[in-house]
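> Listed here are the chains, written in short residue letters.
Number of protein chains: 2
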Amino acid sequence: MDKPLKGIRVLDLGHVLAMPTCTMQLADLGAEVIKIERPGIGDDSRYFGPFKNKESAYFISINRNKKSITLDLKKDQGKKIFKDLVKISDVVTENYRPNTMQKLGLSYETLKAINPQIIYASICGFGHKTVYPGRPGYDVIAQATGGIIAITGQADGPPTRVGSSIGDIFSGSFATIGILAALRVKEKTGLGQQVDIAMMDAVVSVLENAVVRYTVTGEIPQRTGSAHPSIAPFDVFEAQDGWFVIGVGNDMLWERFCKAINKTDLLNDSRFTTNPKRSENYKELKPIITEWSKEKTVEEILNILINAGVPVGEVNTIDKIVDDPNIKLREMIVEVEHPLAGKVKITDTPIKLSLTPGKVEKASPLLGEHTEEILNKLLGFSKEEIKSLKKEGVV
Amino acid sequence: MDKPLKGIRVLDLGHVLAMPTCTMQLADLGAEVIKIERPGIGDDSRYFGPFKNKESAYFISINRNKKSITLDLKKDQGKKIFKDLVKISDVVTENYRPNTMQKLGLSYETLKAINPQIIYASICGFGHKTVYPGRPGYDVIAQATGGIIAITGQADGPPTRVGSSIGDIFSGSFATIGILAALRVKEKTGLGQQVDIAMMDAVVSVLENAVVRYTVTGEIPQRTGSAHPSIAPFDVFEAQDGWFVIGVGNDMLWERFCKAINKTDLLNDSRFTTNPKRSENYKELKPIITEWSKEKTVEEILNILINAGVPVGEVNTIDKIVDDPNIKLREMIVEVEHPLAGKVKITDTPIKLSLTPGKVEKASPLLGEHTEEILNKLLGFSKEEIKSLKKEGVV
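Chains D and P, in that order, give the protein sequences. Quick note: the first sequence uses our numbering, first residue 1449, plus one each step. Quick note: the second sequence uses our numbering, first residue 1449, plus one each step.
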């Protein structure tokens, strides 16, 4: 059976991570994603480590399932080719600064005049509608301005960036949702529209209860290490040989937990009888739990608490994940064969559909691998014309 | 113009955060989300702080735009009503443990027999297809087993949970993408399917380059505080009155940065002339930057570096975000009027569509607020019948 987005064509001007995450999700689900790159150079992330046979595994992991054509959008012929592709595409995606497409003469308004059905999705630091039009937006800036850095880290330590670029990845995922919603509208009404994702917005929208904690109570949410701000014990703890987490979300689990660790006296301890009390007296509770856990291995602790029905998890390092039996069963790490890099193990889609599953089918494209195919099959250019476009540096 | 998901009916058995995030996104985009809650009790998160007039602002923020009916799925009549609703709905969503719906006699297979077009989306810790069928999965467990905790935190500090429940929120967002893709398939083929999201998968899929760093180099990614593992200076720094980040991603930006902070001598310092050297000698570079920044306010630093074209951002605390002019322009924080809590400021959708925008339209429902409406209008129950269902505790 066809994948869900079979027949959808996406012209992808995305680079590095935010928009490439979106178009990776679209390509995994079956869209034809045509990645448009600068002749001779390509996406910046082709130069990001780690490398295998000089090929970027970073690039490979995010650009699987896509096609690549080169096109110089600063040249008139490059613009013409791009506009001709817009006529026969469903979606245009980009993550430049807001004014870049305007300067190229390829703003949404221009493209809409060419193809009223086109969906134009952008991701940038502060949005196309913004009071900060010139400000660049890297992931770290979105994480900082969007508030997640201020609330991540130990209570007595500095504000801390999340260990992966979630500002980019959330923005890309929200762009995907916006595009899928806009495709529905387009198919029902024949009208395209603009999807405008600001990375700062994306981070603000995933602060969970931090915003209402401030707007309702006036208290500014602080860093609390790994502890949940209002549920206890719900934290990272140290074992003899590593780290683990528990999530004791209610009084029933608290009872199970105390029995499992042979500390039933805690059940009658007035400091800990309800969740609000455990939260309030957590500074006294944490050392009691650590005293128990420091004597045991992570494996022993998992056995005890899983058997007792207490939510528990090991703090997996990345090597553990790659070997995890559930990750294997769910085919979350797959090997792709890249023509230059050889076999590379990358992450597959977490969106598991039973009837029309998306999945990694092929490695990332070489720079301009599909230029001839696209120009010839979609736009009717002859081999000679393509050769001359190459000579002129247009493709 | 109608919102993108107008006409789509979702029966939502979700609770707390992961699936409610998904159905919030669907409701924001115009789906009719019918939240099914336990009579007299409702979603656990109705009891999560902060509270305003005893109403949970946590619940309000995530369940805006939804309807609520109460239904006891353990009672035969409750099951019957649920199945009758499945016949006239497009999507069923739940985030119980894998065997819960089976035990209730409401597995996907059962529901599919009733309505072959139904899309059945689940989120749980390790997936419905899993080697860990009994293991519960809270956000903190997904963050731990999925690897983000191991790579978040200071280099010399403990592994650190991300400050909001991104394990839940990514899972919910991926469920939304899966449901939108499945809706496309359903509309083209008349066939429903299962969307099976594992929270651990979701976290593994957002580790960025950590997986390839391990699979390609064999090195286990470590915590690096806020510093970028291979670009410098790209970190959180302390100012006189707060914190800020800079992203000096290349040598041109390094030159701009040194000029802006009046330390042009650094440009000739052999420890710092290229990015690899700056990364290698970052321990010596960081104090030089901090020496400069500690004397200045965040506002002064932003003025200097924005004017110089250096990527920079303030580490916003939540109070700053609520007052940020760009957040205001983009209407990211909106006030809803709740019948009991009164006015509450919550986060609106970050998915900004130009033609058919999703948005917060109304506050979260009271427990069972729409029970009568749904039972009467959709299933034809009379007032008397509903009264008797209430008496029997079915609704």
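Because the hints were derived from the structure by calculation, they are not lab data. A couple of the hints might just be wrong.
Copies of the same chain look alike in the list, so a pair counts if it works inside one copy or between any two.
As the list claims (entries may be wrong) - Computed list of lysine-lysine pairs in DSS-like fashion (alpha-carbon distance at most 30 Å, straight line):
1) K1577 - K1810
2) K1807 - K1831
3) K1535 - K1711
4) K1636 - K1560
5) K1793 - K1577
6) K1838 - K1500
7) K1535 - K1454
8) K1527 - K1839
9) K1560 - K1454
10) K1551 - K1791
11) K1636 - K1776
12) K1825 - K1636
13) K1839 - K1807
14) K1725 - K1528
15) K1734 - K1839
16) K1776 - K1500
17) K1807 - K1636
18) K1768 - K1831
19) K1636 - K1810
20) K1454 - K1636
21) K1711 - K1523
22) K1810 - K1725
23) K1810 - K1791
Since this is a predicted model, take the numbers as computed values, not measurements.
> If the cutoff is 30 Å on CA atoms, where do K1776 and K1500 land: within, between, both or neither? Let me know, please.
Result: close within a single copy only, 23 Å intra versus 45 Å inter.
> State whether the alpha carbon distance between K1810 and K1791 is at most 30 Å within one copy, between copies, both, or neither.
Close inside one copy (11 Å), not across copies (51 Å); limit 30 Å.
> Evaluate K1577 and K1810 at a C-alpha cut-off of 30 Å and name the case that applies: within, between, both or neither.
Intra 37 Å, inter 24 Å, cutoff 30 Å: inter-copy only.
> What label fits K1725 with K1528 when the C-alpha limit is 30 Å: within, between, both, or neither?
neither (67 Å within a copy, 41 Å between copies)
> Is it within a copy, between copies, both, or neither that the alpha carbon of K1711 lies no farther than 30 Å from that of K1523?
So K1711 and K1523 fail the 30 Å test inside a copy (74 Å) and across (37 Å) alike.
> At most 30 Å between C-alpha atoms: does K1839 with K1807 qualify within a copy, between copies, both, or neither?
Neither: 37 Å inside a copy, 50 Å across copies.
> My question is about K1527 and K1839: at a cut-off of 30 Å on alpha-carbon distance, are they close within one copy, between copies, both, or neither?
within (17 Å within a copy, 69 Å between copies)
> Can you tell me if K1535 and K1454 fall within 30 Å by alpha carbon in one copy, between copies, both or neither?
Both ways: K1535 and K1454 sit 18 Å apart in one copy and 28 Å across, limit 30 Å.
> From the Cα coordinates, with 30 Å as the cut-off, is the pair K1734 and K1839 best called within, between, both, or neither?
neither (68 Å within a copy, 45 Å between copies)
> How do K1793 and K1577 come out at 30 Å by Cα distance, when the copy is not named: within, between, both, or neither?
between (39 Å within a copy, 22 Å between copies)
> My question is about K1636 and K1810: at a cut-off of 30 Å on alpha-carbon distance, are they close within one copy, between copies, both, or neither?
between (32 Å within a copy, 26 Å between copies)
> How do K1560 and K1454 come out at 30 Å by Cα distance, when the copy is not named: within, between, both, or neither?
both (23 Å within a copy, 24 Å between copies)
Checked against the numbered hints given earlier, this structure breaks hints 2, 3, 10, 11, 13, 14, 15, 18, 21 and 22; the rest are met.
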